[in-house]
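Chemist: Residue numbers (our numbering), protein chains in the order written: chain A, 1 to 259; chain B, 1001 to 1331.
Honestly, the hints are just simulated from the structure, not real lab data.
Among these hints, one or two may not hold up.
[Stated by the list, open to error] To spell it out: a stretch of chain A is covered by chain B in this simulated footprint if at least three of its residues, at any positions, have a beta carbon under 8 angstroms from a beta carbon of chain B; those stretches are:
#1 36-46
#2 187-198
[Said to hold, decoys possible] The following label-pair restraints were derived from C-beta to C-beta distances:
#3 B:A1317 x A:V238: 15 to 21 angstroms
#4 A:N121 x B:L1020: 29 to 35 angstroms
#5 B:L1130 x A:A224: 55 to 61 angstroms
#6 A:A224 x B:V1270: 55 to 61 angstroms
#7 A:S56 x B:T1022: 51 to 57 angstroms
#8 A:H197 x B:P1198: 33 to 39 angstroms
Quick caveat, the model's predicted, so the values are computed rather than measured.
Note that the Cβ used here is the ideal one computed from N, Cα and C, for glycine as well.
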Amino acid sequence: MSSLAFRRLTVRYGKRTAITSFDDLVRPGEWLCLIGPNGAGKSSILRAAAGLVVHSGEIEVDGAPLSIRSARRRAELVAYVPQSPELPADMTGAEYVLLGRTPYIGYFGVETDHDRSMVANVLERLDLADLARRHLGTMSGGERQRLVIARALAQEAPIMLLDEPTSALDIGHQQQALELVDRLRHEHGLTVVSAMHDLTLAGLYADRLTLLHEGHVVSTGSAAHVLRAETLSEFYGVNVMVHHDDDGTVVVVPKRAIS
Amino acid sequence: MADRRIDRVPRGNPALWLPLATVLLLGALVLGVMIGPAGNWGSASWNIIWNVRMPRVVLAGLVGAMLSLAGASYQGVFRNPLVDPYLLGVAAGAGLGATIVFAVGRSSTSGWLIDPLPLAAFLGGSIAVLVTYLVGASFGADRSGVTLVLAGVAVTSLATAIQAFVLQRNNDVIREVYGWILGRLTVASWSDVRLVLPYVIVSSVVLLMHRRHLDVLRVGDDEAAALGTHVPRVRLAVVVAATMGTAAVVSVSGLIGFVGIIVPHFIRLVAGSSYRRLLPLTLLVGAAFLILVDIPGRVLQDPAETPIGVVTAFFGAPFFILLLRTRRTAS
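Taking the hints into account, I'd like the entire structure generated from these sequences.
Modeler: If you want it as C-alpha cells, here you go:
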C-alpha cells in the first residue's frame, strides 16, 4: 500500500489558477473523495497527479517525488480513469484492458505472455470474460465503465485516480461501479482518490471528503463533518436538507426554493 | 452468438491475413510483369520485361506500399481517419518544389550529377509538413488533430497559390508540370527504384516499430500519456518517418492521390483497425493495389497512357465520399 502526498500543489491554465497551494496526505489504502462545484479544481488535482498538466509544488508517492520519474515509471504507480474515457468502437474488451500493460512494455517491445495472462486474469476476476472478444461499441455504459476500471487494475498501480467515475451511469450501475472500486481497494490495498458530484455516494464510499471551492480547500474530514447544510449552501449555493443516519450515513437531498 | 462468429472468422486471426496479403502481392507482381502493350508473357522480349516492366512494377509496388503505410500511420497518429499524405501538404509542397525546378529550366540541369527534380520535390514536401506540424502543434491544444488538418489545408492552399504564380510566369512548362503531377510511372527505371528504396525501407521499419504505440494513441493523448507513453515523441517519430517516405516516393512517381485513404480503410473493413494488424497488411496490400491499378492505364489507351493518378482518383474520390457518408451515419 502506498501513500500519496500533495505539497503546495498549484495548477495554472494561463492566467487562471485552478488550484492554489493544495496540501494533503492520502494515507495508504485510504479513499479520498474530492467534492466541490464545477471549476473548483477537483479534476486539476487528479490530472496533476497523473502527470497530465504542468504544475508547481510536489506530488509524492511513499515520500518519493513523482516529478523525477519518467512517464512510464509514473504510470507504474498511478492509474488514471478520466471523466469520459475514449473508447474506440471497434476495439475488443481484451485489447482495451491490455492497454493497461503499456507501462511495462519497452519502447519497441510487445506484450509478453505474462501481460496477456494477467489481463485474462483481471477479466476473469471482474466477471468480464464475456466482454473480452466483444467490441466496445456494442457494450452498455455499465459494461464499458467496468472495463475502464479493469484497465486501470491491469496497470497494477497502487494508486488509482478516478475522475467522476459514475457521471455517465444510472443509479444501479453507479452503485455497481463504486462497489467494484471498493472491493478492489480492499483486495489489492489500493489508495483511491476520486472526484465526484453525487455527495451522498461520495459520503457512502469514501473514507474522507475534501470540499474544494475556487481552488482552495474549505473543509476536509468525514462525511458527517463536511456535508453540512450550511456549508453546502455557502459553497454550492444550493438549498439542501442533510440527513444524518445513526450508522454514520449522510444523505444529501435537494430542497425546492420556497419563493 | 452471431456476433461471436463474425469476431472469430475474419478478425481474430492475423496469421491468416498476412499470408493472404502476401499471395495477393505476389499475384499482382506476376500480372504486372506479364501484361503490357508489347505483348504478354512469352511474346515480350526479356529486355522489355527486365528493363521496362520490372522497374515499373517494383516502383509501383514501393510507391503504393509507402503511400498506404504513411496514410495509415498519419491516421493513427492524428487520430483522424480522413487524413492522408495529401491533406497534410506533402503533395502540394512536393508539387511546388518540382514546379520550381521545371520553371528554372530542365535543360540547364540536364548535365547535373544528381537530378534535382526528386530532391526539390522531397524538400518541398518536407518543408510543407514541417510548417503544417509546427502550426498545428502550436495551436493544437485540442486532441482530435483537427487543428493539424486545418493547418494542412492552409499550407496546401499557400503552396498551390505559389505554384500557380510560378506557372503563370512560366507557362511554357505547364504541360510538363501537370504530366508530373498526375503521376506517371511510365518512365520508371531501375535507378528510380534505387533512389527511393532506402527511404522506403527506413521509413517502413520505423513506422512498423511504432504500431503498438499507435494502438495506445487510439484512446487519446491524455490517456496514452497517463499510461506512460511519451506522446510528443511518438508523434514526431511517426510523422517524420511517414513524411520522409512519402516525399521520397512522390519525388519519383508524381502525385498519386487517395491510395493512403483507400487501402487502410479497406483493410480496416476486413481485418479490423488494430494498428498491429493494419500496418503490415497495409504495406502489402498497398503495394499490390498500385501495381494492379497501374495495369489498365497501360493497356486501355495503348500506346498513349492514362496517368495512374487519374485512375486512383477515379476510384478514390467515390470511395472517399462513401466513407464520409458511412461515417456520418455511424456517428
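Chemist: Each hint should be assessed against the structure and marked as holding or not.
Modeler: Okay, the hints, checked on the actual structure:
1. By the rule of at least three residues with a Cβ nearer than 8 angstroms to a Cβ of chain B, the coverage given for the region 36-46 of chain A is violated, with 0 such residues.
2. Restraint check on the region 187-198 of chain A versus chain B: 0 residues with Cβ-Cβ distances below 8 angstroms, three needed, restraint violated.
3. Separated by about 56 angstroms at the C-beta atoms, B:A1317 and A:V238 break the suggested range of 15 to 21 angstroms.
4. Distance hint check for A:N121 and B:L1020: the Cβ-Cβ separation is about 33 angstroms, which falls inside the suggested range of 29 to 35 angstroms.
5. A hinted range of 55 to 61 angstroms holds for the C-beta pair B:L1130 and A:A224, which are about 60 angstroms apart.
6. At about 59 angstroms, the CB distance of A:A224 to B:V1270 agrees with the hint of 55 to 61 angstroms.
7. For the pair A:S56 and B:T1022, the supplied restraint of 51 to 57 angstroms holds, since their beta-carbon distance comes to about 55 angstroms.
8. Checking the proposed 33 to 39 angstroms range against A:H197 and B:P1198 shows it is violated: the Cβ atoms sit about 57 angstroms from each other.
Going through the hint list in order, the structure does not satisfy hints 1, 2, 3 and 8.
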